[in-house]
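Quick mapping for you: the protein sequence lines, in order, are chains R and U.
The numbering of the first sequence is our numbering, which starts it at 1050 and goes up by one.
The numbering of the second sequence is our numbering, which starts it at 15 and goes up by one.
Incorrect hints may appear among the rest.
Taking lysine to aspartate or glutamate pairs in the EDC-like style, the calculated list, with each CA pair at most 16 angstroms apart, reads [to be verified]:
hint	chain 1	residue 1	chain 2	residue 2
1	U	Lys192	R	Glu1055
2	U	Lys192	R	Asp1058
3	U	Lys284	R	Asp1054
4	U	Lys369	R	Glu1082
5	U	Lys71	U	Glu131
6	U	Lys488	U	Asp464
7	U	Lys284	U	Asp197
8	U	Lys214	U	Glu313
9	U	Lys214	U	Asp312
10	R	Lys1088	R	Glu1109
11	U	Lys488	R	Asp1115
12	U	Lys248	U	Asp277
13	U	Lys284	R	Glu1055
14	U	Lys214	U	Glu310
15	U	Lys284	U	Glu310
16	R	Lys1088	R	Asp1111
17	U	Lys513	U	Glu495
18	U	Lys192	R	Asp1054
19	R	Lys1088	U	Asp459
None of these hints come from the bench; they were simulated from the model.
Note that the structure is a prediction, hence the values are computed from the model and not measured.
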Amino acid sequence: MASRDEIADAIAGMAIFVDLARPQLIGVASRFEEAFFPKDARILRQGLTGSGFYVILDGEADVIADGQKLATLARGDFFGEVSVLLGEPPTADIVATRPMRCIVLGGPGVEGFLVDHPRVMYRMLQASARRLRSANQRLTANQ
Amino acid sequence: MTTRAPDDARPFPPGEYPIVIVGSGPGALQVSYFLGRLGIDHAVISSDPGPGGMFRKWPFFQRLLSWTKPYAPPERTSREFERWDWNSLLAREPELRGISPDHMDGTSDFPSRPEMEANLTAFADRAGLVVRYGCEWQSTRHEETADGNRFTLVTSDGEYRCRFPIFAVGVAEPYAPKTPGIDLAVHYADTRDAESYAGKRLFIIGKQNSGFELATGLLQWASRITLSSPSPAKTSIETRSLVGVRARYVQPFEDSILGGGVDILSASTKGISRSASGRLMVQLERSDNAMPMTVEADEVIAATGFTCPLRDLPSLGVATFGQSKLPAQTEFWESVTVPGIYFAGTITQGAAGLKKHGIPANSGALHGYRYNARVLVRHLAQEHFAMELERTPIDVGDLRDHLLHEATEAPELWHQKAYLASIVTLDPHEGARDVGVLPLTHFLDHDGPDAVAMTVESDGGSIYPVVYVRRDGKTEEHPLEPDPLHDYESLAYRRALDKILDRLTAGASAA
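With the hints as extra help, turn the sequences into a complete structure.
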């Protein structure tokens, strides 16, 4: 993985970018940076300020809060957006369980990116709504 | 057991060494310096004819982007002066410290390329650094043994075997995208003398510093200059970091804004072709509306960056990432996929650290990677050469002032923000110990005794100290307030840090 074209190819089918045409995908690829994390690397750290917004190109990671595994993330999933949007530290660790490639956008760049790409913002909102629904269902089931 | 060819008059004949450094740029020289001072046997080989690495050729317009302030407040031989001097290599000996100003003619705080080359050559000479020049690393073999990986570097002079190769080969291989017709463009690395562009319409692919360096240098020569890449260009002033186009190259922006013959476009280059009249036609796709457009030019330069010349390392399993094909590295700059292979110099930007608030460390530049080199050598010495390095006892009563002084003055923390940290451990058995400067991620991700780490950080708006406290295996982050003069030793900071440290130091004492 390396060039903008290759990254644009890799993200073309992802739900969050599904509405973007090729030039916009190239624009995403040039705005984000690629990052590689080995197995067991901590990508987000619970309670630590200054994180970014990540989209997984390849690999898997666990979401771990207070030592408890909450979910597994894989290709096409994204994370870090809640922390960036709220300006608060992440509430969970994200730990690679397999070598992982991501594209990442630093926190200060996220607002401008979403404003420039409202369809990505809409897809992100959809995903957040699904996560909220799942959390509510879990809460209801546990009551 | 070291076996080397005995009849070769040049230094470091082929054979077996514990460590082999490849390269002779500042990254390689800095690692060799620290290894030598710790008495760790190693060889240094380089295909170049002399020291300096990329500074033997670039920047094209012969003036660096990294400053040195000869008359900064601290003494030139002091550690504190390093904060003001981005261009000198590090040394223990006073006569080797802060030598960059000795080679500057006073016309700019940015050294010229020849001044930088002279600075590095002088350091290598005075420090007694030895390199086998004209020895080209060609390929690599890898063997797994009972006591770890072993490597054979095949060179133009023969084979070098070692446990730990350290590649300091720069990010210096010209990269051009596979755009149709790209062969009609020349790469930045092949730019001709400025005069040869007199009266030409110039199209520059890329809006990083190299593109704006060319645009700035050719403003008086070219008849018209167009710069293009898919994303908008930002200056370092806008990003409040070294991300973005440096202030030195801001003139093309003003010319563009004032309609002065410079156009800065956000568009993808779809192809380059030659018209019947011999002109170059650059086909673009605008980023804002995906509409096609064409720009006619006499010359096209691809300022599209460089990649790491890693040769066959990826085929050995070294994972790389990004357009520059940087090797993915641990916090101590070891390949994450092939243990035993280390990196130094500008390649160490492949260990990105936390990149808090999207701001990278300065590992891509000398003033960042010179500290990585020192940390790397100390790590190698402790982990692989069974050396016990000094950990200075600190009186707990002095801990607060020590940390605040580090935040205010430590060049490692200022140049490697949120990347390197000054760390003091508080082991109940041995008391408070200054363990020196280490990667922040190492502090955060590894267990250890109660400890405190001090960093300097930026959120893209302000610069401020951050205290990380590890107590009973849990780590907390405590950002302190910024100060307009960056002086963190005042009463307000002493009070703030007292509150943070109180619980940590209760009951602890110096050994």
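How the hints compare with the structure:
1. Lys192(U) x Glu1055(R): 11 angstroms, holds
2. Lys192(U) x Asp1058(R): Given pair Lys192(U), Asp1058(R) holds - Cα atoms ~14 angstroms apart, limit 16 angstroms.
3. Lys284(U) x Asp1054(R): 11 angstroms, holds
4. Lys369(U) x Glu1082(R): Given that 16 angstroms is the threshold and the Cα spacing comes to 11 angstroms, the pair holds.
5. Lys71(U) x Glu131(U): 9 angstroms, holds
6. Lys488(U) x Asp464(U): 9 angstroms, holds
7. Lys284(U) x Asp197(U): This hinted pair holds, its Cα atoms lying about 13 angstroms apart.
8. Lys214(U) x Glu313(U): 7 angstroms, holds
9. Lys214(U) x Asp312(U): Answer holds: Lys214(U) to Asp312(U) is near 6 angstroms, not above 16 angstroms.
10. Lys1088(R) x Glu1109(R): 9 angstroms, holds
11. Lys488(U) x Asp1115(R): 11 angstroms, holds
12. Lys248(U) x Asp277(U): Status holds; Cα separation ~15 angstroms.
13. Lys284(U) x Glu1055(R): Since the Cα atoms of Lys284(U) and Glu1055(R) sit roughly 15 angstroms apart, the hinted pair holds (cutoff 16 angstroms).
14. Lys214(U) x Glu310(U): 11 angstroms, holds
15. Lys284(U) x Glu310(U): Holds. Lys284(U) to Glu310(U) sits at ~14 angstroms (cutoff 16 angstroms).
16. Lys1088(R) x Asp1111(R): Between Lys1088(R) and Asp1111(R) the Cα gap is close to 11 angstroms, so the pair holds against 16 angstroms.
17. Lys513(U) x Glu495(U): 14 angstroms, holds
18. Lys192(U) x Asp1054(R): 9 angstroms, holds
19. Lys1088(R) x Asp459(U): 14 angstroms, holds
Consistency note: the structure conflicts with none of the earlier hints.
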